[in-house]
Amino acid sequence: MNKKTGKLVGTALFASFLLVACGDSEEANVEPESEATEQKEEEDAHAGHNMDHSGSSEVPEGLKEAADPAYPAGTTAIIQQGHMDGMDGAKATIVGAYDTTAYTVSYTPTNSGEPVEDHKWVIHKEIENTREEPYAAGDEVTLAADHMEGMDGATATIDSAVETTVYMIDFVATDGEKVKNHKWVTEDELAAE
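Per the UniProt record's numbering, numbering through the sequence shown is continuous, rising by one, with the last residue being 193.
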C-alpha cells in the first residue's frame, strides 16, 4: 500500500469511528419515558375534551355503598393520579364510596368530537341496559354516563375492567378550580394524608 492510499484508509477509518461514536452518544442521551410523563400525557388527553369536572351528587340507581371503604365519606385523601389537569396531588374530601366494577372505555362522542381513548372511569351502573355480570375487555356497550360532553348514549368499547371501590370526591385542583362530586376515582388512585 502506498502512502496516499494509507492516508485515505486511515482518514476513512477515523471518520467511521467518529460517526459511530456520535451515534452511540446520541442514543445514550435519550431518557426513558417516566411515569410522570405518561401521567401528564393522560391528563393532556383528557384536557382537550369537555369533561364535566363537577357533577350531581346523585348516583346510579342500585349502586351499593361500600361496607368498609378505606376512605369513608367525610374523610380526606390525596389524589395520586390525575384524569385531568390539576388533579394529581390535590387533597380530596370523600363524598361517597361504592363497590362496583369500574371500566376504562374508548368511544367517539355523540356530538362528533374527537375519539376518546381509555377514559377513566365508567362504572357498571353507567352502562345502558346493563347486565348482571361484569363486562370484559373488547365488549361493546352504550354509555349512560355524562362525565363529558357527548358521552351519554355513545357506543364504547371496554378497554379494561376492575372490581374495586370507587369514590365520589370534592377537591380543589392545583390550579385553584373547585370541583364538587367528581365521579370517579378508584381506591388505588388515593393515598392517606
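You may find that some hints are simply not true.
Heads up, simulated SDA-like pairs for lysine to any residue below, C-alpha to C-alpha not over 25 Å straight-line [claimed, not checked]:
#, residue 1, residue 2
1, Lys64, Thr164
2, Lys64, Thr108
3, Lys180, Gly86
4, Lys125, Glu193
5, Lys64, Asp159
6, Lys120, Glu177
7, Lys91, Glu128
8, Lys125, Asp170
These are computed hints drawn from the structure, not numbers from a lab. Every value quoted in this text rests on a predicted model; they were computed, and no experiment measured them.
Against the structure, the hints come out as follows:
For the hint linking Lys64 to Thr164, the alpha-carbon distance of about 12 Å falls within 25 Å, and the restraint holds. At most 25 Å may separate the alpha-carbon atoms for a hinted pair to count; Lys64 and Thr108 exceed this at roughly 29 Å. For the given pair, Lys180 sits about 14 Å from Gly86 by alpha-carbon distance, which is consistent with the 25 Å threshold. The straight-line distance between the Cα atoms of Lys125 and Glu193 is roughly 30 Å, outside the 25 Å bound, and the hint therefore fails.
With a CA separation close to 24 Å, the supplied pair Lys64 and Asp159 stays within the 25 Å bound. About 20 Å separates the Cα atoms of Lys120 and Glu177, which keeps this hinted pair within 25 Å; it holds. Between the alpha carbons of Lys91 and Glu128 the distance comes to roughly 32 Å, so the proposed pair goes past 25 Å and is violated. A threshold of 25 Å between alpha carbons decides the hint, and for Lys125 with Asp170 the separation of about 21 Å falls inside it, so the pair holds.
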